[in-house]
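Residue numbers (full-length UniProt numbering), protein chains in the order written: chain G, 1 to 829; chain B, 1 to 163.
Bear in mind the hints are in silico, worked out from the structure with no lab data behind them.
Hints may be right or wrong, so weigh each one.
[What the hints assert, rightly or not] As a list, the in silico DSS-like pairs of lysine-lysine whose alpha-carbon atoms are at most 30 Å apart:
id: 1; chain 1: G; residue 1: K134; chain 2: B; residue 2: K153
id: 2; chain 1: G; residue 1: K534; chain 2: B; residue 2: K153
id: 3; chain 1: G; residue 1: K507; chain 2: G; residue 2: K411
id: 4; chain 1: G; residue 1: K411; chain 2: G; residue 2: K134
id: 5; chain 1: G; residue 1: K411; chain 2: B; residue 2: K153
id: 6; chain 1: G; residue 1: K404; chain 2: B; residue 2: K153
None of these values were measured; they are calculated from a predicted model.
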Amino acid sequence: MDASVDRIAQPWGGRTPYGRHEVWPARVDTHLEEGVAPDDVQRWVRAASILHSDGDAMDIAVVDGRMVGVRGRAQDRVNHGRLGPKDLFGWQANASSGRLTRPLVRRGGRLVETDWATAMDRIVSRSRSLLQEKGPGSIGFYTTGQLFLEEYYTLAVLARAGIGTNHLDGNTRLCTSTAAEALKESFGCDGQPGSYDDIDHADAIALFGHNLAETQPVQWMRVLDRLEGADPPRLVCVDPRPTQVARRATVHLAPRGGTNVALLNALLHEIIRTGRVDHAYVEAHTVGFEELEARVAECTPAWAAGICDVPAARIAEAAEILGSADRLLSTVLQGVYQSHQATAAAVQINNIHLIRGMLGRPGAGVLQMNGQPTAQNTRECGANGDLPGFRNWENDQHVADLAKVWNVDPKQIPHYAPPTHAMQMFRYAEQGSIRMLWVSGTNPAVSLPELSRIRSILSQERLFVVVQDLFLTETAQLADVVLPAATWGEKTGTFTNADRTVHLSDKAVDPPGEARPDLDIFLDYARRMDFRDKDGGPLVHWHDPESAFEAWKRCSAGRPCDYTGLTYGKLRGPSGIQWPCNEDAPDGTERLYTDGISWAHPDRCETYGKDLVTGASDSVVEYRSLNPDGKAMIKAAAYLPPHEEPGAEYPFQLTTGRTIYHFHTRTKTGRVPQLNAAAPDVWVEVSVADADERDLNEGDLVEVATPRGALRGRVRVTDIRPGLLFVPFHYGYWDTPGGKGPDGSTPGRAANETTVTDWDPVSKQPLFKTAAAALTLVERGGGRAAPAPTTTASVPSRSGGVTATAGGPSASVAQSDGAPWHGREEGSR
Amino acid sequence: MNGITLTLRVLHHGEKHLARHLVAVAERHRTEHEVHHVATDLAVWSREHVQRLTDTGHHYGVKLGDPPHPSDSGVLATLREKAADAVGRRPEPGLLLLRDLRELHLGATENSLHWEMLAQAAQAAKDDRLLALVSSCHPQTLRQMRWSNTMIKNISAQILTSL
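Make a model of the complete structure from these sequences and hints.
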């Protein structure tokens, strides 16, 4: 099957069909820069993708100290050799012009180049004076979902025990905090129950608000291959857009925005009404079933149809598939997590699996997905609003245990309140109680809601902003100190994907100029701050990635995310390994909860739970009385209408999301020729009915406005549900005349100019899916097409006049049958 | 007027007061986004309680008023919102927020105690109608209490140590 495929025109490449319970055949995708033949490659260096949460295993091709391409790793259990378009082309951004090569500091209002000593000295002296004058609560850290485990752990230790601040969170708050919270609410603890291998065994796959085709293209290839093989699975798709998933689904439900809980309650109602409950499983492993049964008793499909604007018969059909499946796999992503009642809805999906006993067996699993690639590591390491190792901040034993690992007094670790979430940190900065904000590897000036507010917070004179990144992002342009960081391929470390698979990613080339790995920057800061443990030894006593990994292993010991059986050496073996990996499970653990629920006991659980509507904390006393034996918790939730609904002034619902050719804020993918050309600018998806009613056509320039702000984009008429607009998020300003935001010469372009500052009270994840918006014509397109791809959910409803998305020769990718595995890194030829 | 109708009246007043207060707090703290949105949602519960108390009151010959309309505070609400925006960048409103959350908590606690009393009376009088009313409303009152308590717990350290 050796073939050359334009992987912009065909993002999922060729098919390798396989039947149920068979092994997914390997297919190795290779892309090398023009003029480089496979034989020219001097070294293949082990890595995995950090452009989505699959963690696709790949090798980086190196010639003369330069990256020249990538190749999927056939033996890896995650991707079996395949790579998505972002993996195949994204590496080129590393060498693009505009990389930061020297630190910058603000002098006289302008950012000017300086040396590392000067830049670090500014940060350290500000940290010291704030600690002295205002205390640790005046310093906050906002990190990403794209660093490595070693870096998050080091950051967590220096922030929580060194500075002693409670303000540390990741931008994973925007992508994965609902996944984590839903798992905690149902199972008492974080940790993905399922495995991607469940796709091989399921006879029904339900994708809830999860555009798998675009967010995790390699796993979509897996589903496509199953669909073409023997005994294909039935697909249920819940998505208001005509995604590729929706097009292949057996049943597609396109609910009105913000109504997921109503829809899920109706699905649960039907499953219970038709007697599809596994009572033996419910009895043995759960508490709370009666409450759910009572809560959904009135939630008929007809009731939900009125709220969700979905035919009741379709709801019944979907429930029939969910209820009759022999092995059901559900996957969940931002259509649930970034929408109204996020955690309540995600928990109802867990409930479907709990009442049907669909857990812990091949094909019977839940994948509460991550949006960011290394989000799982922020969760494990406590860089995201949890304590490291899934420890419970309300359990004094857990805190004492952590203090022992770090050799500090428990009082030094803030645990009087839940670790501050990102949105609250920005509020504290707005109010002036946080005076220093260190932003690493993320770009809040594009990615947070209500951007005019975020820009004004970051621009305050009294707030000292440190930004650590690869490029002079929109956020970096507002900073007081900018630190040039090294990235993937330029540094070594491990990271973990959405199904708990740990990969090692080795350094392939040197970073440009004076750019440094994030780990080195954090270690340097810890050294200069001279953080000490309670015996006077250095608090951060490691010095490189491997020693940081060893330190983390001690912190993870005995916890659900136990890494103690892993070493760098072992991770350089044939494939990624799923945690927990320890003496009992030396090869890792494919699925959690194979023998019942294991981490929900009151003494072991990560949280005592929250009210799914108000977010109020439950107490340990309540937890103990409701769940004394540590079973899974079936938690019911009532539907509540969204906080912002369309009206006369703002008649549309507005939803935003990610698409296949770009990754968050485009700092990398926007600099990759093939990816940028496929989706170079923002667009606005409008339904056929709405376009007809307003006389709008493909390519017309429109303004989308909400009470917060506005953006302009060209219209793409699609089969999206009527009344709904879609705008791809994270188009920013670095490649516009405005540079860091809209101005006289640059109209609004970022979706988040318009989104509302509101978050799920349980997971604290911001809502990007439920704003009300107005739509006005700015100028006619005059034959222009929208800059939207035709290969994806944005496929035009009427194809006339729109050129099909293609990449041409530069997007050509070799696809070959599973190439022979050459063992460890092949080294120099 | 017997004890049951008296308690109905007191609760009706308390829930009405809490509904109004939740809306007022939501407006006053519009820049505290979680407080704003959740308080607005919680006011709906209290309004439902008022309506149900009114309906139940009919059966006991007690005439209680209808719930307050969600947006009946007009000019005052606008003023509160404007004030919230104007001082959104200052730390002092943090203290005001803590005071407001404390008042909400105490209001909900008072209602909770009255629901408790009503439940006891209903049981003694073997009054199923009343018991059903209490068992559907009281849990929501408890959740209102827990919410205000949680918010106070989560933000008071930052507000009080940064002044």
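Next pair to validate is G:K534 with B:K153; report whether the Cα-Cα distance is within 30 Å. Holds - the C-alpha atoms of B:K153 and G:K534 are around 28 Å apart, at most 30 Å.
Against the 30 Å threshold, does the CA-CA distance of G:K507 and G:K411 hold or violate the hint? Outside the cut-off at roughly 38 Å; violated.
Given hint B:K153 paired with G:K404 - CA-CA distance at most 30 Å: holds (26 Å)
Restraint status (C-alpha distance of G:K411 to B:K153 at most 30 Å): With Cα atoms ~17 Å apart, G:K411 and B:K153 stay inside 30 Å; holds.
Against the 30 Å threshold, does the CA-CA distance of G:K134 and B:K153 hold or violate the hint? Holds, because 20 Å separates the two Cα atoms, which is no more than 30 Å.
Given hint G:K134 paired with G:K411 - CA-CA distance at most 30 Å: At roughly 18 Å apart (the allowed maximum being 30 Å), G:K134 and G:K411 satisfy the hint.
Going through the hint list in order, the structure does not satisfy hint 3, though it satisfies all others.
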